[in-house]
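J.: Listed below are the residues making up each chain.
Protein chains: 2
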Amino acid sequence: MNPSRFRPAAGMALLTFAGIPAAQHADAHPKHPGQQPPNIVLIHLDDMGYGDLTATGATGYRTPNIDRLCAEGMRFTNYYSAQAVSSASRAGLLTGCYPNRIGFTGALGPKSKTGLNPDEETMAENLKKAGYATAIVGKWHVGCRPGLMPLDHGFDEYFGLPYSNDMWPHHPQTSSYPPLPLYEGRKVVNPSVSAADQAQLTTRYTEHAVDFITRRSEGPFFLYLAHSMPHVPLFVSDKFKGKSEQGLYGDVMMEIDWSVGEVLKALEKSGAASNTIVVLTSDNGPWINYGDHAGSTGGLREGKGTTFEGGQRVPCIVWWPGTTPAGTICNQLASSIDLLPTFAEIAGTPLPAKQIDGVSIRSLFEGVPDATPRTSFLFYYRKNSLEAVRDGRYKLVFAHPGRSYEAFPPGNGGRPGKVAEGHEFPLALYDMRRDPGERYDVQSQHPEVVEELMRIADAAREDLGDDLRGMPGRNRRPAGRAE
Amino acid sequence: MNPSRFRPAAGMALLTFAGIPAAQHADAHPKHPGQQPPNIVLIHLDDMGYGDLTATGATGYRTPNIDRLCAEGMRFTNYYSAQAVSSASRAGLLTGCYPNRIGFTGALGPKSKTGLNPDEETMAENLKKAGYATAIVGKWHVGCRPGLMPLDHGFDEYFGLPYSNDMWPHHPQTSSYPPLPLYEGRKVVNPSVSAADQAQLTTRYTEHAVDFITRRSEGPFFLYLAHSMPHVPLFVSDKFKGKSEQGLYGDVMMEIDWSVGEVLKALEKSGAASNTIVVLTSDNGPWINYGDHAGSTGGLREGKGTTFEGGQRVPCIVWWPGTTPAGTICNQLASSIDLLPTFAEIAGTPLPAKQIDGVSIRSLFEGVPDATPRTSFLFYYRKNSLEAVRDGRYKLVFAHPGRSYEAFPPGNGGRPGKVAEGHEFPLALYDMRRDPGERYDVQSQHPEVVEELMRIADAAREDLGDDLRGMPGRNRRPAGRAE
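So the sequences go chain by chain: A and B. Taking our numbering, the leading residue of the first sequence gets 1001, the next gets one more, and so forth. Taking our numbering, the leading residue of the second sequence gets 1001, the next gets one more, and so forth.
Next comes chain A alone, as it looks inside the complex (with noise of 0.2 Å):
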């Protein structure tokens, strides 16, 4: 859907530039405009939850590098993944679409014979013709099968998994796994990866991404770092062991923030870092039913595969030396099918050809004090079932059977606690300004907001369809198959 048939800006024109006089950014464009265009390095974290910063009130660990990046970027307190599970996040993230729009419902495993589709271009695709040096290292997880691979997908070099590091035949609750392959380019470089391989899985990926920044010479690149942990089973290498005060959990966040010093570092060392932009944000909320091996949510509803905020609401920041203005907080709406817009608006590149979903937040990157946003709304799916859409201030949810972590108790030392699956929730509006934890149903006060988003969501099904009103939408595409 083409976001300017809905109402623009109203109510949602939030962004903050604490501390910086609006006069210092007013016109943050980069100053020479011939200059190669920037650098791109997305850093990607799995599982990690909205309170799991040192900013959202994270206790326990200390992440050092990720809190500079806080303190010399910009912190999005209202940014979402694209869907609430792995592969269709990353799905959304790479193309710029909502993932079911392109045919992604959900999490593939490794027998899955689905992905993304090589129709579609991916943020790597679309860099390249700018003359980007394109690499993933770390977890691909839109498809396993040869032709659906980072290789086919507009990526030079991979190294990485294939999917999550617990699809492996260690799983806690299922022995159906296959060996766990780990990945250079095209080539199996490890069959089958053990427990003393995971606990290495930061420290190689790190050490990949160095490599990768190093040798570059001339021409901007895009690394696109996809980090395996905090996904469960978490492991962290020995020189971490311990090292957090509160548990293993920590201990991986402060490998994972030791990594982004070395990465800040590279870009430094190589000269490349006055002309990079680094984002980092992670592909859905906690999974709380592995109670402490999971993060924390910092007080938002759910996690993981739901559409209330616990699972969608994450972490995002940006630092764009120069361009972004240090220690901003943008509490404007936006998601991850927005970088890619802005990569290419940024990058000078042509958006893709195909009907996308997000739109630039360049302005929103570069500070400029009274950008209009991205959107005012943005629609929850899970599958291909609208779950809720959010207007601004208010979210309506509706009703539905999903996924719910309360009903039972988190599970400890790496055991999952059990998660109920079809649980009925009502239809409910609530208050974003005052109610991000959505506890407080609101509809009864505002019957007309409810109106109000129920036509917005209307748009969305017939564009995208809605499998809870048995609605197949207009404008799906199909994902790829493997070869």
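It cannot be assumed that every hint is accurate.
Since the list gives no way to pick one copy over another, a pair counts as held whenever it fits inside one copy or between any two copies.
As the list claims (entries may be wrong) - The calculated DMTMM-like cross-link candidates involving lysine to aspartate or glutamate, where the alpha carbons are at most 25 Å apart (straight line), are:
| hint | residue 1 | residue 2 |
| --- | --- | --- |
| 1 | K1383 | E1452 |
| 2 | K1418 | E1448 |
| 3 | K1113 | E1157 |
| 4 | K1241 | E1448 |
| 5 | K1265 | E1207 |
| 6 | K1243 | E1448 |
| 7 | K1129 | E1424 |
Just so you know, these hints were derived from the structure itself, not from any lab. Predicted, not measured: the structure shown is a model, and the values here were computed from it.
Guided by the hints, dock chain B onto chain A, whose structure is given.
T.: Then chain B, alone, in the frame of chain A:
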């Protein structure tokens, strides 16, 4: 109780210095030990919630001056008011004591005959020993009878309301309140505050605060600027009406932010800014049942009047140019009862002769990287009932009857919704690292933690008592009574 009786730091050394290498603030003590102790400006908001800052995700309004305090100072994420209602919270703040130690067990009204005991030493009295000029501008609320007012408690000057701004004849639910008086010194300068007067409160408080700062020519000063807003009934001056994008609450927050800016300007104009500490905090969490006229807990559970996080965890920002490292976050436990001993240490005054509960967190203010945390535990009292205890990572909530906002829909437009009083909450253990929203009881996973927290609670009960168990406590002192 003496904090040293309990195990120290372990599990809670969480201070983080975002973006600033440790070397830069390793010795952050004032450069000139002989210089005049710093001025102290304590800006106290009323019923502002944890989620009401830009940095904690607030949407719909802009607060550039408060954001500036964050960007140039330190923000605490695990900071608690002394209790979750106004009078008790303020009594604790002013004396460094758990409020029930000094006979405060709730909110006072216009007819209350008790107040802060003249035998207690307030922050103002303590600072006067070092020659501070002292003023309170705004809401007092720790005793409105003669002998219990600000000038009886160490303040040289007073301008403001003796109690909450809803304790007036126009209360939405109670018609028995007398006219609301406005004081200057010991004199009533307006015997019956009108709606038009309420709309000018923030402006007039600000004028008086600026005037007090401007009149200081030598000697340090302590200004306690205790705004009546954003407590209901919400009022705002014409110049901020409709200025926010999401209603009256946002307008009110924008006017308070303007006030913060005026105070900063006055400090800069007078030359005092370089030797002044500004602390901004709130007396308790939001009054949830006022719906759109209430603040946000940012996802924390329950609100004002409860010992859940939404009631007691509040924002706290410390701005101390040249000493507190800029743009930092402190995730250690801290409480408003720590401010008196902190200010005392900074000013070089002796602690009050009577036992207090807070401990100095000066080293946190100074950003000493490995500062020992103030304590590893916190007691959550409601009235004289010990409803919860937190020890670093875990919070044990005892079975107790208490207020719950979750059973009824919140109100709207200034009319409060219903509240359940005496709701029976069961015993529960919450992991604050991963569940600050207190949604997942983990007592079955950690029986040893439950046991230890019960043991720690027993020591508090002996000392301060616990009405839930019919224990009077050994070391409580009486409130003051009217002359």
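J.: Does each hint hold? Answer for all of them.
T.: Hint check:
{"no.": "1", "hint": "K1383 x E1452", "verdict": "within (24 Å within a copy, 44 Å between copies)"}
{"no.": "2", "hint": "K1418 x E1448", "verdict": "between (38 Å within a copy, 23 Å between copies)"}
{"no.": "3", "hint": "K1113 x E1157", "verdict": "within (23 Å within a copy, 76 Å between copies)"}
{"no.": "4", "hint": "K1241 x E1448", "verdict": "between (54 Å within a copy, 23 Å between copies)"}
{"no.": "5", "hint": "K1265 x E1207", "verdict": "within (12 Å within a copy, 49 Å between copies)"}
{"no.": "6", "hint": "K1243 x E1448", "verdict": "between (52 Å within a copy, 23 Å between copies)"}
{"no.": "7", "hint": "K1129 x E1424", "verdict": "neither (47 Å within a copy, 63 Å between copies)"}
The earlier numbered hint that this structure contradicts is number 7, and it is the only one.
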